[in-house]
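Those sequence lines, one after another, are chains A and B. Position 178 of the first sequence, counting from 1, maps to 178 under full-length UniProt numbering, and the rest follow consecutively. Position 98 of the second sequence, counting from 1, maps to 98 under full-length UniProt numbering, and the rest follow consecutively.
Everything labelled a hint here was simulated from the structure, so no lab data went into it. Since no wrong hints were added, every one of them can be taken at face value.
Remember, identical chains collapse to one label, so a pair may be satisfied in a single copy or spanning two.
With a cut-off of at most 30 Å between alpha-carbon atoms, the simulated BS3-like pairs for lysine-lysine come out as follows:
#	residue 1	residue 2
1	K296	K28
2	K233	K28
3	K28	K278
4	K278	K203
5	K36	K160
6	K251	K28
7	K278	K289
8	K251	K203
Protein chains: 2
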Amino acid sequence: MDSRNGSVSEALLDAEIESFFDSAPPLKDRAGIIKKLKEFIEYNSTPPGKGSPRRVVCVTSGGTTVPLEQRCVRYIDNFSSGHRGATSTEYFIKAGYAVIFLYRRGTFQPYCQSLPEDPLLECFECSDDSTIQVRQPHTEAVKRAVSDHHAAIAGGHLLKLSFTTIFEYLQILQSIAMSMKDLGSLAVFYLAAAVSDFYVPWKSMAEHKIQSASGPLDMRLVQVPKMLSALKKEWAPMAFCISFKLETDSKILLEKAEMALKKYRMHMVVANELSTRKEEVTVVTGNEKILVCRDKTQADSDVEEPLIELIVGRHSAYVKDSDL
Amino acid sequence: MDSRNGSVSEALLDAEIESFFDSAPPLKDRAGIIKKLKEFIEYNSTPPGKGSPRRVVCVTSGGTTVPLEQRCVRYIDNFSSGHRGATSTEYFIKAGYAVIFLYRRGTFQPYCQSLPEDPLLECFECSDDSTIQVRQPHTEAVKRAVSDHHAAIAGGHLLKLSFTTIFEYLQILQSIAMSMKDLGSLAVFYLAAAVSDFYVPWKSMAEHKIQSASGPLDMRLVQVPKMLSALKKEWAPMAFCISFKLETDSKILLEKAEMALKKYRMHMVVANELSTRKEEVTVVTGNEKILVCRDKTQADSDVEEPLIELIVGRHSAYVKDSDL
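So here's chain A without its partners, still in its complex pose (with noise of 0.2 Å):
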């Protein structure tokens, strides 16, 4: 039986937060990070010229890592190909949001799900005049890829910034949620990234690669956290926040959403089944269970567009009652 109260949990968690930050290794560039943070969320609240104000989304995207070693050789990786944040971003854009999008370095990148693996290799090729020219049938993806790409960027409308360790991501995502704060409700969590439930505390780990010459590796990892926690209670507690739930197991997974949505007082909670995620999702709300499918009539449809468009009509209502 769980006998802590409250407060004293609450308490608690405070104390885990703030032993998980002052373990973490120093964030690089943190100071220039946070410049471009200001420069891109006062750029998208007052546009030049007669636009109106966006609203800003953070979408985190792909796994993060937990390094195993300091100088870090073996680390445990959560796998996410980063395909849900890329694509939900194009979606946020078209709908008229700023997006901040946070991502593991080497995952999909919004505009380019339609290329191969390895696009350069395989999209273009030398000609006989040595240009370098796009191969068919690759012209439309590469030219999409390309354009939008950079119009999102040239616009202001989309700011990038990658991590790799569980460190890096939780620091980042500190940085941007106080950023945010004083946009209040017009500010989006969308946190689709998979992020690791357990770490080795940076002081408790080993300097050098763990040797194999001596029997198995028993390691020990502790929890992560709830950062989520944090985040509303501190970060950014104006704003509209989507958290995702991804299981292998469909029989635990609606139950594990909504003790999530309840336990860090999410807006929404994004119920994912790993083998059936690109088809459908389900929302799990306060009062609702909202099944979301792509539009099976369509072969290049995608669940990210009903996904996406359900939460800015949300998103809508919520800015509309925070303004009462």
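Add chain B to chain A, keeping to what the hints say.
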């Protein structure tokens, strides 16, 4: 004290190797891979026209992963950019070898090292008449990547095979080695991949995602059987073999490299220290320790150029000796 004598310990190793392969998830398209290997080796052994046969080197590159769950969400990864393997491949091809490049998906590819992290989005732009063109200053790097890479593939001198998990890596390596057996001393293994030392046997692995609710995560990983022994003893006993030893602690590096040389009967072990590995390596042979450094008078020189030169020389001597 280890009371096992040689043959008992060899029998134990054989049993471990058998159990590893028996319990591994089956390799996808094994027949297709073996067919490609056969054609590639035949083409290079008896090239059409008047060409002389090429020596064949298998270059392994990038790190392997160890899944922690059968429906893989989490895995342990070994860090390796694949830079060493990709660059070495270029020098082997230049020296007249045919290369089987066994690489981790997403790591560096031959001829692509001087490109930025995300070449498609950083090296190209859409001109006013909406054709895709290369951005300055990337023109030469892109041309080199596309034309040299295609030339190597089209010329039949480069075969690329990819892996992600330790199970895929070792199964493909075994197929490659057995396909190369008949090449005798003309075959080379250049084993630059960062291979996991520990794994979770497939059958003892959790089927579903490990849950985080119940406190810290304790894991026991067992050692991956030493496949180099099997490679030397059974798969391709006449091949010239170079393995790599990477450590973060320079104090134990050379000692561990010498141990590996003897234990696995390698012809050479390349000893790298993580922080200086792009500047210098030490090549350990039966009676020498040769320090190999990049030419520091040239800004764009690399350590792979003198390293492959040394290896090609030693391999030539080995081929001559074997012919006697």
